[in-house]
Amino acid sequence: MAGDSGDGMQLAGSRFTDATAVFGNDLATLPDFPAEIRAPAGTVAGVSAFQIHFASRDILTPGDTPDVLVAMNPAALKANLPLMQRGATILVNEDAFSVRAVQKAGYAENPLEDGTLAGFTVKRVPMSSLTTRAVEGIEGATSRDAQKAKNLFALGVLSWLYDRPVDVTERWIRGKFKGPVCEANLAAFRAGWSFGETSELIDVQVKVDRNVDVAPGTYRNVNGTEATALGLIAASVKSGLPLVFGAYPITPASDLLHALARRHDMGARTIQAEDEIAAASMALGAAFGGALGVTCTSGPGLDLKTETIGLAVALELPMVIIDVQRAGPSTGMPTKTEQSDLLQALYGRHGESPLPVVAAQSPGQCFEAVFEAAQLAIKYRTPVILLSDLFVANSSEPWRIPDAASLPPIDPRLRTTTTGPFLPYSRDDNLARPWAIPGTPGLQHRIGGLEKADRTGAISYDGPNHARMTQLRAEKVDGIPVPDLEIHGEPDADLLVLGWGSSYGTIRAGARRVREGGGRVATAHLRHLRPMPANTGALLRKFERVLVPEMNSGQLAHELRARYLVDVISYSKVQGQPLLPSEMEQQIWRHLS
Amino acid sequence: MAAPELTKADFQSDQETRWCPGCGDYAVLAAVQAFFPELGIPPERIVFVSGIGCAGRFAYYMDTYGMHGIHGRGPALATGLAAARDDLSIWVVTGDGDALSIGGNHLIHALRRNVPIKILLFNNQIYGLTKGQASPTSELGKVTKSTPFGSIDGPFNPVSLALGAEATFVARTIDTDKQHLPMVLRAAAAHEGAALVEIYQNCPVFNDGAFDALRDKKRGAENRIYLEHGEPIRGVVRDAEGALRIGGEGEPVIHDAHREDPSYAFALSRLSSSPDGPTPIGIFRDVRRPVSGRDLARQLAAARAAADDASLDALMRAGDTWTIS
Chain A
1 MAGDSGDGMQ
11 LAGSRFTDAT
21 AVFGNDLATL
31 PDFPAEIRAP
41 AGTVAGVSAF
51 QIHFASRDIL
61 TPGDTPDVLV
71 AMNPAALKAN
81 LPLMQRGATI
91 LVNEDAFSVR
101 AVQKAGYAEN
111 PLEDGTLAGF
121 TVKRVPMSSL
131 TTRAVEGIEG
141 ATSRDAQKAK
151 NLFALGVLSW
161 LYDRPVDVTE
171 RWIRGKFKGP
181 VCEANLAAFR
191 AGWSFGETSE
201 LIDVQVKVDR
211 NVDVAPGTYR
221 NVNGTEATAL
231 GLIAASVKSG
241 LPLVFGAYPI
251 TPASDLLHAL
261 ARRHDMGART
271 IQAEDEIAAA
281 SMALGAAFGG
291 ALGVTCTSGP
301 GLDLKTETIG
311 LAVALELPMV
321 IIDVQRAGPS
331 TGMPTKTEQS
341 DLLQALYGRH
351 GESPLPVVAA
361 QSPGQCFEAV
371 FEAAQLAIKY
381 RTPVILLSDL
391 FVANSSEPWR
401 IPDAASLPPI
411 DPRLRTTTTG
421 PFLPYSRDDN
431 LARPWAIPGT
441 PGLQHRIGGL
451 EKADRTGAIS
461 YDGPNHARMT
471 QLRAEKVDGI
481 PVPDLEIHGE
491 PDADLLVLGW
501 GSSYGTIRAG
511 ARRVREGGGR
521 VATAHLRHLR
531 PMPANTGALL
541 RKFERVLVPE
551 MNSGQLAHEL
561 RARYLVDVIS
571 YSKVQGQPLL
581 PSEMEQQIWR
591 HLS
Chain B
1 MAAPELTKAD
11 FQSDQETRWC
21 PGCGDYAVLA
31 AVQAFFPELG
41 IPPERIVFVS
51 GIGCAGRFAY
61 YMDTYGMHGI
71 HGRGPALATG
81 LAAARDDLSI
91 WVVTGDGDAL
101 SIGGNHLIHA
111 LRRNVPIKIL
121 LFNNQIYGLT
131 KGQASPTSEL
141 GKVTKSTPFG
151 SIDGPFNPVS
161 LALGAEATFV
171 ARTIDTDKQH
181 LPMVLRAAAA
191 HEGAALVEIY
201 QNCPVFNDGA
211 FDALRDKKRG
221 AENRIYLEHG
231 EPIRGVVRDA
241 EGALRIGGEG
251 EPVIHDAHRE
261 DPSYAFALSR
271 LSSSPDGPTP
281 IGIFRDVRRP
291 VSGRDLARQL
301 AAARAAADDA
311 SLDALMRAGD
321 TWTIS
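Going line by line, the protein sequences match chains A and B.
Going left to right, the first sequence walks through residues 1 to 593 as the working numbering numbers them.
Going left to right, the second sequence walks through residues 1 to 325 as the working numbering numbers them.
Think of the hints as simulated: they come from the structure by calculation, not from any bench.
Each hint should be verified, as a subset may be incorrect.
Mimicking EDC-like on lysine to aspartate or glutamate, the simulated pairs with C-alpha atoms at most 16 Å apart in a straight line are [said to hold, decoys possible]:
1) K238(A) - D177(B)
2) K176(A) - D320(B)
3) K148(A) - E113(A)
4) K218(B) - D177(B)
5) K238(A) - E368(A)
6) K238(A) - D309(B)
7) K78(A) - D58(A)
8) K123(A) - E113(A)
9) K379(A) - D494(A)
10) K238(A) - D313(B)
11) K379(A) - D429(A)
Examples of chain A residues toward chain B, derived with CB under 10 Å [to be verified]:
12) A101
13) D265
14) E274
15) I401
Yeah, the Cβ is synthetic: ideal placement off N, Cα and C, and Gly gets one too.
Construct all of the structure, not just a fragment, from the sequences and the given hints.
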């Protein structure tokens, strides 16, 4: 579904997604929108699109070549036509193909007329005028309301085409809008549905059965941001610690601030800080007071937080830093995805400052990933970076909702007493230091960024002590037990495809296609980047070839080569778009032969 | 059983103080340690947060909870702490470089938000710990290692800056004034929201004598213009146009620290542009405004106490769900 950035395509897409989820298909989505709120209308730069892939079997990715394109204007057609394969169906809003609009999109001639779309099944629907006609009779509805409702007309057509349940969408419209605007949107949606049903232009209705091959449970559709927000609330409830979330507005991380800001009912405190530095510092200050301190950012925001993260390493206090990666350097492409902060997460602080790094691999798995990040932070008294990215944050999939009771409790083990003098830098079996919070009588102590003497925490400039503290901080992080890498597919294949983060589904999908074509390939996915699973080195050596696909210039490959002295094959993509199953398939075949 | 009376010794940590001999920080530390018992707050409920610079070491010397943070970020760290805990007495110790240069943004926003923290700004008009560079309060033309031909940048007036940032409590005092300093601390502690206390502090190594016009017994008596609420301000008059002036003809000014309109306090802050002549000392402004997050903290604490598996289940299952059996 593609249109102008003001056309409401993200809304239409997410409504179609919800209806699809409730119907019981498996699905994956990919929103793609410009950084500008309202880029010049009608231009290719201003096109906002929403892609959904759904099926009666399990879905791993939003797909690469759509079967249907809804183009609300010529620019939307132009921007998305390269994705389409011959034979695909293209539904266009015919009313939007005026001479001027065609030129604005950069077409010399009207693409509906000049043969551009030969080989495609084109359905020309006058969506603007049909919507206007549907809304006309509604008292109080303006022509502007009608203009704005054409996305719901398009949604109606699509909903009929794929036989989606209408009640889910109508309920949403009624909850979201009021008065004439609500009536106008309902009318547009129904008109679209009826058009699909009655017009001979759309001659087939596609039935996609429910996906029955799924684990029993209660499901909902979530994007990565929603799952992350729920995971943080869950960690707060299971640890009994107040959640204090500091953030500064930045795309695409801001959505997490918005999601948590609504959660006063669960005791969550969000602070919109004056800058990225303050957002991190507020989280750390809150952690000193016994809170679950969390901060979230994207792009250059992580650079700014670096100083505070270094302090958190020295203070050995729990803190979670969520980095929703986007294309860089600098401002880069704020609404395009990338996995290029890996080395920064691992090493991007001055001095020796190790910390655990966890990566989220799918929208629903963000819940688990952030919950684990909080567990590690609290157990080991350390800042933890969670690497998410724009793709995983904005994409959605069905998520099996866990039972709260099945989530493990997180014991913060706050120190409340001492026998003898309190030693703030003494350590337990995990090398974690005691967390004694203000208000605890007798345990007053001072911590800070200056190097501390082992055990006592007093300021120390002693060389051997610094060496020992450096070693202890690293041993603590590297001693964290993380689950072994699991091999999926043929364990005795010649090729292992090893990925991390949001490419999980794509790598699986590419490998599945290869297997369907008779190829033998194994895949594995890293969720822990520091420490890495203990069997990582052995697996790298076990396979003849290891292919490492990443949305960066080979950062994991670099790390694996340095750490394990195995010359992995790097496949890198930095186009601001996720890896595609088709290119994965191609790459796997290339390295199989 | 009544809690045993606290003494100065209860606030002295076991850390050896390591400022230069003769540093004004010693005087401030002694005054703070001597003052704190009268607050009646047990040491474990007090937190000192500091940034970087000579003043930053302050946190190590108080036997309270303490966090020596990073350069300029003290107010941000303290804001987070205050958001997590409304049962603590939180003090930030900072210097002119820390608060006004690298941490300027955090300072103004903590004041704007009216976070319940007390900020002690040790102003010595120089960078001490980095060995003598010009600071944002160094006077124009100041010759330092980093400005060998004299500073070409004019200074901030910290009191004016704080007032411009909507601060609800702004005061100025002097490191060695054993009566005035505790009086200002007392008022800052009693203030509900953010308090900024500028303390003129002598650096004997890199900027010795910067405040002699006020610290010297004889010259100080002439130059200190004490601000006391409800009392006439000695030597300050309101002229025919209504402007505040030092000396001359006009109506004597009775100090009103509780005036809502900050322009009056701002006018007082502009009576001197540097501490080498007649300078106002005391509480410029002390007004009430909603304290950042105070009601919210209680509301959230109650919500969190009530949050359990059942409410988490309800939250996770909100909206459209479907069940596969």
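Okay, the hints, checked on the actual structure:
Among the hinted pairs, K238(A) with D177(B) is inconsistent with the structure: their alpha-carbon atoms are about 51 Å apart, more than 16 Å. For the hint pairing K176(A) with D320(B), the CA-to-CA distance comes to about 14 Å; that is within 16 Å, so the pair holds. This hinted pair does not check out: K148(A) and E113(A) have alpha carbons roughly 27 Å apart, beyond 16 Å. About 14 Å separates the Cα atoms of K218(B) and D177(B), which keeps this hinted pair within 16 Å; it holds.
Our distance criterion of 16 Å between C-alpha atoms is met by K238(A) and E368(A), whose separation comes to about 13 Å. With a CA separation close to 8 Å, the supplied pair K238(A) and D309(B) stays within the 16 Å bound. The suggested pairing of K78(A) with D58(A) is violated, with an alpha-carbon distance near 31 Å, which exceeds 16 Å. Between K123(A) and E113(A) the CA atoms are separated by roughly 13 Å; this keeps the pair inside 16 Å, and the hint holds.
In summary, the hint linking K379(A) to D494(A) is not supported, as the alpha carbons are separated by about 39 Å, beyond the 16 Å threshold. Only pairs whose Cα atoms come within 16 Å are accepted, and K238(A) paired with D313(B) is accepted, the gap being roughly 12 Å. For the given pair, K379(A) sits about 11 Å from D429(A) by alpha-carbon distance, which is consistent with the 16 Å threshold. Given hint, A101(A) at the interface with chain B, is violated; its Cβ is 36 Å from that chain's nearest Cβ, farther than 10 Å.
Annotation: interface hint on D265(A) holds; nearest CB of chain B at approximately 6 Å, less than 10 Å. Satisfaction of the interface hint for E274(A) is found here, the shortest Cβ-Cβ separation to chain B being roughly 4 Å, below the 10 Å cut-off. For I401(A), the shortest C-beta to C-beta distance to chain B is roughly 5 Å, which falls under 10 Å, so the interface hint holds.
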